[in-house]
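Below, each chain spelled out in residue letters.
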Amino acid sequence: AQTVTQSQPEMSVQEAETVTLSCTYDTSENNYYLFWYKQPPSRQMILVIRQEAYKQQNATENRFSVNFQKAAKSFSLKISDSQLGDTAMYFCAFMKHSSGSRLTFGEGTQLTVNP
Amino acid sequence: GAVVSQHPSRVICKSGTSVKIECRSLDFQATTMFWYRQFPKQSLMLMATSNEGSKATYEQGVEKDKFLINHASLTLSTLTVTSAHPEDSSFYICSATKGQGAGANVLTFGAGSRLTVL
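Line order of the protein sequences matches chains A and B.
Each residue of the first sequence is one higher than the last, beginning at 1 in the numbering used here.
Each residue of the second sequence is one higher than the last, beginning at 1001 in the numbering used here.
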C-alpha cells in the first residue's frame, strides 16, 4: 500500500516571499503520478501541479514548482511570490499508474500567507 | 475545462432520515467517480469507487448499506446516506475522471456537500 506523508501541519509566509511545502511517499511502484492540490476556505479542491514519475524534469506552473526526487521519494512544492490567495490547505497526493485513478492523500499542510 | 457539479452544497436533516447527494460531470463522460469524506482540518478519506453500470467498490470500514452509491449513467453518481445519525455529519466530496487514455490520471472535484444531521 502507498502512503503519503506531509510533516508540516501548518506553515506561514509573508506575502511576496517563497515557501516550500514538504511531501514524502512510500511505494514499490515504478510508474505513478504525484499531485499537489489546494483546498481554500471554499473547500473546492483545485489541482495545483502534476508530476509524472517517469519524467525527470520537475513540473512548473507559473509561481508553483516541484522538487521531485524519485530515489528519495520526495515531492516538495515551492510557491514563489506568495499571494494572499494562496492561503489554503495543501494536499500532496499519489496515484499508481494502474490504480484506476485512485488517489492517496497526505494529511495536508495549512498555509497562511500574511500581508 | 472539465466541470463537476455536486448538489446540494449544504443539507440539514433529522436523525433517522435518508439524504441523497448528487455528483454530475457536466461536460465529459465520467467512467469512474469517487466519493470522499472529510472531517474538519483533516485529509480526504476515500469511501468508495463508483464505476458506471457496476456496483461500487467500498473501502475497508465503510458500511455499504449505510452509504449507498449508484452510478447509473456516465454523468451521474449519487451517494445516499441512509438512516442518518449525528455521527454521519461531515463534508462529502466527489471526484470524476474520464478514466481512459490521457484523462485517466486527471480528476475533477465537486465543490463538496456539507451534511448536518440533527
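Wrong hints could be hidden among the right ones.
Cross-link-like lysine-lysine pairs, in silico, DSS-like; alpha carbons within 27 Å at most [as the list claims (entries may be wrong)]: (1) A:K96 / B:K1014; (2) A:K78 / A:K96; (3) A:K70 / B:K1064; (4) A:K55 / A:K73; (5) A:K78 / B:K1041; (6) B:K1041 / A:K73; (7) A:K96 / B:K1020.
The set of hints was computed from the structure by calculation and includes no laboratory data.
Results of checking the hints against the structure:
1. A:K96 / B:K1014: Between K96 of chain A and K1014 of chain B the Cα gap is close to 40 Å, so the pair fails against 27 Å, i.e. violated.
2. A:K78 / A:K96: 23 Å, holds
3. A:K70 / B:K1064: Not satisfied, since the Cα-Cα distance of roughly 37 Å exceeds 27 Å.
4. A:K55 / A:K73: 14 Å, holds
5. A:K78 / B:K1041: 22 Å, holds
6. B:K1041 / A:K73: 25 Å, holds
7. A:K96 / B:K1020: 31 Å, violated
When held up to the earlier numbered hints, the structure conflicts with 1, 3, 7 and fits the remainder.
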